[in-house]
Amino acid sequence: MLRIKNVESGYGRLKVLKKITMHIGAGEIVTIIGANGAGKTTLLRTVSGLIPARSGEILFDMMEIGTLPPEKIVFLGCSLVPEGRQVFAPMTVKENILLGAYPQYRRKRGDQIRDDLDRVYGLFPRLKERERQLAGTLSGGEQQMLAIARALMARPKLIMMDEPSMGLAPLVIKDIFTIVTRLRGEGSTVLLVEQNAKAALGIADRGYVLETGRIIMQGTAEDLLSNREVQRAYLGRDLDAEGTM
Amino acid sequence: MLGGMTAVTLNQFIPLPLAILAAVVITMIVGAIIEIVFIRWLHKPSVLRMVIITIGISILIRETALHIWGESVRALPYFTGSSVSSINLGGVYISSQILWVVGIGALVVAALTAFFNLTMLGRQMRACSANRDAARLCGINAGNMVTLSFMVSAAIGALGGCIICPITYVQYDSGTPLAIKGFTVAILGGLGNSTAAVGAGMILGILESFSIWVLPTAYKEAISIAILLAILFVKPSGIFGSAEAARLKEF
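If you're matching them up, the sequences are chains A and B in order.
Mapped onto the working numbering, the consecutive letters of the first sequence carry residue numbers 1 to 245.
Mapped onto the working numbering, the consecutive letters of the second sequence carry residue numbers 1 to 251.
If you're looking for bench data, these hints aren't it; they were derived computationally from the structure.
Please note that the accuracy of each hint is not assured.
[To be verified] Below, simulated EDC-like cross-link-like pairs (lysine to aspartate or glutamate); rule was C-alpha separation at most 20 Å, straight line:
1. Lys44/B / Glu57/A
2. Lys72/A / Asp133/B
3. Lys174/A / Glu211/A
4. Lys198/A / Glu186/A
5. Lys18/A / Glu57/A
6. Lys157/A / Asp118/A
[Said to hold, decoys possible] Stretch by stretch, here's where chain A covers chain B in the computed footprint (C-beta under 8 Å, at least three residues):
7. 115–128
8. 135–147
Each residue gets a CB set at the ideal place from its N, CA and C atoms; glycine is no exception.
Please work from the sequences and hints to get the whole structure.
Here you go:
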């Protein structure tokens, strides 16, 4: 579905991503884990078109998208749930969701919008209750749900999520991750970027480890979870302490 | 100013309603050209930068207008009646043009409110102003929305200029004082709320008119600036805006 080959990108003179190569197959949940500043968000911003790729190729459904602007990429079926939710704060919850359906509206599939609205309200009943409230007045967890709902309205083939668990209570994180698994069950492909490596690997099929702009490790989620290096660096297990016991 | 002047010139050749319509369309095109030439290529322009650029352009347009139309003062004819006729409304005599101004103003506000709240295009424009990147991630072409917002505001400005210029007359430099009053009213009502702006406009007008009871007439023009400063210090969200709603907006 998505193939990234030797992609480099960054801001101004700063090169953040160095020769990233990865792929995502249809129906998978793939996660990218890494510490602060590793380049996770930059990678998603590059794929979604917010930052142009400097070199390398990004193929989505066999189509080169590395130089397309974000509004075109969304139309192809690749949506990003941006870091920090980025809801339209002064607009109501329902307006936010309907704006997400803009590609559908332009594709003249307005007839499906009603059904899609029911579907996301089914996934997130809380949003239905707060339909008429301004998005900026929602709690962090509700805003995250809204951001996901908004992205889903475009009927994306691939949905990319940037740190959906950031700043949320553990119970809410659990809810959101349940939804991600459910999306895979309904045929979506998910690229999940997380600092919360344990939770992300818990639901993912495969994972990549990003460090200072390079992919240093990849494998199935189970392999990564049991990898000593990953455990030490990202899962917070102190192997030395365990060794002395 | 541009709208009024264009309408006055065109009115020499074509009837009044057509001249006003043409002036609105021409000003709209000028607005679009300004955006495409000066704003569009900027990478992530901040509002402040756009404000400064547009102030610069307004000076440019004023001087160009001086070259084209000279310093003479012009006016459109009254839409109905004449400058001396008036209508008796419950014992108060009002010039018919005032009723035109109020009526068309109300229509424009109603149309704008409906546009921004009920149409997809209006919502897209609000989304772009709330969060540009997120709007692009929804597939909205943010650049086109900015052009469109310049066109809409140019059209409203031109229409406003046309309907008041029979009363106030129009000259090459009549835009700036109106811009300051417009800005005061927008802040007073709460930015981004057109209905409240109308209420604020009424308040400002009444305050200005009655100020001559207590202050020398010369200070009449200073009232709007004084109100602007006071409101910015005391309640920047405007008298009708809630602080909570204002906090959610980015300007």
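Structure-based check of all given hints:
no. : hint                : in the structure
1   : Lys44/B / Glu57/A   : 25 Å, violated
2   : Lys72/A / Asp133/B  : 13 Å, holds
3   : Lys174/A / Glu211/A : 26 Å, violated
4   : Lys198/A / Glu186/A : 24 Å, violated
5   : Lys18/A / Glu57/A   : 13 Å, holds
6   : Lys157/A / Asp118/A : 19 Å, holds
7   : 115–128             : holds (count 5)
8   : 135–147             : holds (count 8)
Taken one by one, the earlier hints fail for this structure at numbers 1, 3, 4, listed in ascending order.
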